[in-house]
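*Asks:* Now for the letters of each chain:
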Amino acid sequence: MSLLLERIRKSYREPGGRRLPVLGIERFEMTQGEQVALLGSSGGGKTTLLNIISGILTPDSGRVIVDGRDIAAMHEVVRDRFRASKIGIVFQTFNLLPAFSALENVLLGMSFSGKGVDKAFARQLLERVGLGHRLNHSPQKLSVGEQQRVAVARSLANKPVLLLADEPTANVDPSNQQLILDLIRDTCRDHNVSLLMVTHSMEVAGVFKRVEKLQEFNRPELCLQEQTV
Amino acid sequence: MNLLTIAWKSIRQRRLASFLTALSIGLGVMLMVLVLVIFGAVNSAFTQRSVGYDLIVGPKGSDLQLVLSAVYRMQPPIENLPYMYLEQLKKDRRVISAVPLAFGDVTEAGSFPIVGTTTEYFQNEFMPGRNFQIRGSRINELFDAIIGSEVARQNQWDIDSKFAIIHGGAESGDVHEEEFTVVAVLAPTGTANDRTVFLNLEGFYAIDGHTKPVEEIEKRMKDFYAADPERLESALKQLESYKAEEAAGGHAHGHSHASPDAMKEVTAILVRTRPETPFDAISLSAELQKGFQAMAVNPVRPIQRLVTGLLGNIQKALVVLTGIIILVSGVGIFVSIYNSMSDRRREIGIMRALGAGRMHVFGIVLAESALLCVGGGVVGWLVGHGLAIAASPWVIRQTGLLINPWALNSWEVILFPVLVGLAALVGFLPAMTAYRTNVADALSS
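Heads up: the sequence lines are chains A and B, in that order. The first sequence runs 0 to 228 under numbering that gives the first Met the number 0. The second sequence runs 0 to 444 under numbering that gives the first Met the number 0.
Pulled out of the complex, with its shape left as it was, chain A reads as follows:
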């Protein structure tokens, strides 16, 4: 199993001191290599869920099992390193670092994993996404579609077991949308990486075999019930 969420509860403290429930998920799982589209509306907790799965946020309670290990129970330092080596992230806004070239952005992804940088593999990834000729270009000199392709290559730099994609085609022009989508799915398939893609687009979700709607399995009120108990 690639991902297992169990009894996840997450709420935020509001300025007045009250708690705002965001996530209440009893169980969610993905098998190794599986590709899932997660549909949800804005403010529905999609990004919070991805942050919890990646270990950027910790849930108030519950277990987040990635590749057999509970990321929520890890010490922060271990969790950071685990994220670097096991989880790839593709952001909606690409989030490339402007001071680094395309190749360096991919190498940067490798730098924090503790496994060392593999320049040849980084080049290979960029060639795989069709940017072999633009290795040393800075993000500012790349088109939007090219930037997202660099982001895809970077997310796979540490050979993760799970790739989290947060609306990766939302900022890409229509001609590039399908290209990026295919690229992410094909690359994940080639590397046997599980893919959880968050989207609010039915069109994007339509290409996935398994589509989940966050509203259907997320019950934030569970947080409040447990607090009352």
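Just so you know, these hints were derived from the structure itself, not from any lab. Where is the CB? At the ideal position from N, CA and C, for every residue including glycine.
Calculated pairs, DSBU-like style, for lysine-lysine (alpha carbon to alpha carbon, straight line, at most 30 Å):
1. B:Lys8 <-> A:Lys118
2. B:Lys289 <-> B:Lys218
3. B:Lys59 <-> B:Lys221
4. B:Lys8 <-> A:Lys114
5. B:Lys236 <-> B:Lys221
6. B:Lys89 <-> B:Lys211
7. B:Lys89 <-> B:Lys242
8. A:Lys140 <-> B:Lys8
9. B:Lys59 <-> B:Lys242
10. B:Lys59 <-> B:Lys90
11. B:Lys211 <-> B:Lys59
12. B:Lys8 <-> A:Lys158
Just the calculated beta-carbon pair ranges, DEER-fashion:
13. B:Ser443 <-> A:Arg17: 20 to 28 Å
14. B:Arg11 <-> A:Leu223: 44 to 52 Å
15. B:Asn1 <-> A:Asp69: 26 to 34 Å
16. B:Leu424 <-> A:Glu13: 33 to 41 Å
17. A:Thr92 <-> B:Asn1: 26 to 34 Å
18. A:Ala119 <-> B:Leu428: 36 to 44 Å
19. A:Thr92 <-> B:Leu407: 47 to 55 Å
20. A:Gln177 <-> B:Arg11: 30 to 38 Å
21. A:Arg6 <-> B:Leu424: 43 to 51 Å
22. B:Pro392 <-> A:Ala119: 51 to 59 Å
23. B:Met0 <-> A:Asp69: 25 to 33 Å
24. A:Thr92 <-> B:Ile313: 55 to 63 Å
25. A:Gln214 <-> B:Met358: 37 to 45 Å
Model the placement of chain B on the given structure of chain A, informed by the hints.
*Replies:* Only chain B this time, still in chain A's reference frame:
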């Protein structure tokens, strides 16, 4: 990709702000290096390598004035000593060399000091381990002269140049009639010798007006040798026979090269004692101190007192001032990095999302601060010494100070550890801001 590389990329990203902040540190360090190099040269010129003699003997008075006039030729002489005293000193078993100096006049062109001396002056080392290098011939004639390198350069004199001298100092305007000829030029020494014109001692005495009235000499001899009737008697005898010769018209032409020793005077005597018994210099100095005829001073100590007492404090003040400049530049780096933190919040969030730990981002910001402080410091240090190298020929020409542009001062040794400390200090708060960055918030910003 290590932390330093990542920090360097970040510096390049904000190249103008980074350049300006590193420049301010560099300028501070450069100023400090220049202050240290210049004061090092001054200190060195006025202390340990000032003169190759153990003692300077002169009339009773200020020891500082004696050294400044005899070694640095910066002050008028105190008074004169009888030439007979030189002969007396030469007989002392502790003395291996006693070189007379007679001065007080200057050249008409350039007002360079005139020193009458003997060939022994040029045979001795002018500073420990360094001998004079002379281009030209020896002094053969009465009015032959050897000139220092600066005199030659500034007056554009060379061998066979002719010149006149002014009696008593430039302000007197009283030009001697005698014409002198340059027979040799000294190679640069980095000492006052470069700015001096040397005459044959006998030639110095032969200059018209350098012989005092015999009655005045007689009175001085009586005072000087009041406690030494034997020498007084010998001196008075010489003076009596000189007076008799004069009365017979023997010195009608005014020159006194045939004058008896009793008629001659020296301004100072440079003394070398036996090197194997360093106590000789101390005992001789103490002995003279007790008497009332003359004093013997260590050529280094009075100047060292002046340098450490006056220049040392100025140096400290300037070093503290440049230290404050560096500190203010450090505050500039702090402001620059701290201000950039809000712009870089997202970058830090991305790095954290990619797996960078809190200590990673803390280290990156600290490395950035260190690169700016130490990098700016290294560049400033190199430019400072580079400027010293470039300026040293000019400084030597203008001041005679021998600059060693690569001489390391103890302040410089602690400079780089201090810069690393400063980097840690000014980088700490921005680094803590990076450390505390909330990744989820940063990514959604």
